[in-house]
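**Student:** Here is how the chains run, residue by residue.
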Amino acid sequence: MDRITALSERKKALFSSLVLFALLLAVWQLATKTPIQGKTEGLPGPVAVAERAWEMIADPFYDRGPNDKGIGIQLGHSIGRLMIGYTAAALVAICLGVALGLSPSLYRALNPYIQILKPISPLAWMPLFLYTIKDSNRSAIMVIFMSSLWPILANTAFGVGSIKRDYLNVSALLQLSWFKRLWKVILPAAAPAIVAGLRISIGSAWVAIVAAEMLIGGTGIGYFVWNEWNNLQLTSVIFAILLTGFVGVVLDMGFSSLAKVLTYKE
Amino acid sequence: MGKNQKAGLLDSTADQPKQTANVETLIDQKVEEAVAHAVFGSDLRRREFVRYVGAAGATAILNSIFPMGAAKALAQGKTGPIEKKELKVGFIPITCATPIIMAEPMGFYKKHGLDVQVHKASGWAMIRDLSINGETDATHMLTPMPLATSLGIGSQAVPYIMPAVENINGQAITLANKHKGIKEAKEMKGFKFCVPFDFSMHNFLLRYYLAEGGVDPDKDVQIRVVPPPEMVANLRAGNVDGYLAPDPFNQRAVFEGEGFIFMLSKDIWPGHPCCAFATRKDFAEKNPNTFQALFKAIVDATQYAHQASHRKEIAAAIAPRNFLNQPVEVLEQVLTGVYPDGLGNTKNVPDRIDFDPFPYHSMAIWILTQMKRWGYIKQDIDYKKIAQEVYLASGCREVMKSLGYKAPAQDSTKHQFTFGKNKSFDPNAPAEYIRSFAIRRA
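Here the protein sequences line up with chains A and B, keeping their order.
The number in this note's numbering is simply the position in the first sequence, starting from 1, with 24 added.
The number in this note's numbering is simply the position in the second sequence, starting from 1, with 9 added.
Isolated chain A, as found in the complex (with noise of 0.2 Å):
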């Protein structure tokens, strides 16, 4: 009786999800206008938007000059540079978090320098960034670090640091070297958080990055937004804001498997 249940309440959920969506479509076309001749006569509706997305898709990979290329290649660039930020703050704010969630005094030492780091805005870095760094795609990468450090930290932290005693005190007992000990004890108590934080960092590091490639330019889906910007397109505009928040949600479902895999019933 409780599955069917549960089946039925996630079927009209779907449907209900379904019928919000063809809703808003149709509101968003009633109230824009076609437009005339390429000029924008207000929002466009959703059926310009879809004909835009269409020529996009239907050539995602074309070079027609260091300015110009396809939408692939675009988001091939930002989500490279979303790799090497993240990476490089997910194995710092680790280390760090590890470290931190051991040693109470060691957190207490260092809490207020990251208290006060955490909520300067990633952007607003960048121009101390370009200054020291003097390379625009390295500042970008370190734009990205910024952004993803905290939320990792902090998780990190508060996840060691609520490990049950009773682990610690049963590795203490076996004698295991630190190396195990972290390996087999410590990490594996900790996934949970650990991965939430993951999980929260890789949404506020995509966020960062298609701010900071409107600012540095070249390449990235950030770019081509800023691009289509200046000729006032904006039926590429929203397609790539759409874009954006789809692969934000893939990006996402990624880390919610690999949390799954991780947990565990106490």
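Hints listed in this document are in silico derivations from the structure and should not be mistaken for laboratory results.
Below 25 Å or equal to it, Euclidean Cα-Cα: the simulated SDA-like pairs (lysine to any residue) are:
id, chain 1, residue 1, chain 2, residue 2
1, B, K295, B, G161
2, B, K387, A, Y155
3, A, K158, B, V167
4, B, K189, B, V358
5, B, K93, A, N161
6, A, K158, B, D291
7, A, K188, A, L130
8, A, K158, A, L141
9, B, K321, A, R88
10, A, K158, B, G161
11, B, K432, B, T422
Since the structure of chain A is already known, use the hints to place chain B on it.
**Tutor:** Relative to chain A, chain B alone:
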């Protein structure tokens, strides 16, 4: 002396007259002679030196302290081998950079032996940083920027040179449609304006225009720095009342039905410089042949763009997404000067935008006086010296002549403004010029 060795001056037996094969070798020898003489001062000392280190060693040492290759090439009057063929040139997608941009699709860079990719930047601060970092080899800049960056104002101090002006005229004051009745500057008190950058002719011309109308640009109006593509959107949103911007964003506002063209910048100072082609000084010093080739390509493209008959073809070449990314009609309206002004009239102003590469020192001095006038420069400066170091008037003259174009004989000239108490700007009296203004910060 071996069979393959040329009878150079550093050969210790070079006291007898040399047999010269041709004029080129003679010129090369003369250059070596001059350098050796300058370094050693006397023949005796030179011969001793060569005896100690050998002829090859002496040549190597001299070459390391003096750019012998460049000196010989200069003396020959031709460019030697190009040091760096693949270059990146930064640009902002506005019609001011037309010569820089069109040189890629229309083959001017290729004609002079270079493989250049023009790289779109998102804003003036970014383009300056890309150039300072060396991510671009040469760049599109606003004419005040090489001066400001060389002086270290608004950025770190990096010496820049400006071999050529990109465009003259080509800007306009655009106002929102709701201000259609405005006729004069004094009606603009309380307005919010945009300019693309602090160190821009747009900022200085707007301030000049407002001040001549009795409006203090710092106290009576608000001037904001906004990237040009966002200006049209800001106009539509009602965030700003107008802007003095580079085209095509004035014409685009008319095209979108958001604003009208109030006044062309050529009606403030006919023939004013706007954008520039600039490089870091050390790039030109390290790669003199590349720099010469680039210089020639740019001047060539600029002179081609100057011809009215070429404007339509240029509009089509620079419209695609890789370059300006604007509708072709808008670019044609800007470049040909036949355009609707947003008030229902179709105007025909052929020199609405024009292209003339010559970087007069007097232009630099005017810009410096305005920077001092509005408080961007606080200290006393040697106007002439800075203008001579940054604006390469004599270099441009040489390149123009070598390509067969006529160049002005003087490095400086008096500039005429359309209105104002002091309509004629005399570059020899910059301090008096600043003092002659009623509204100023210095």
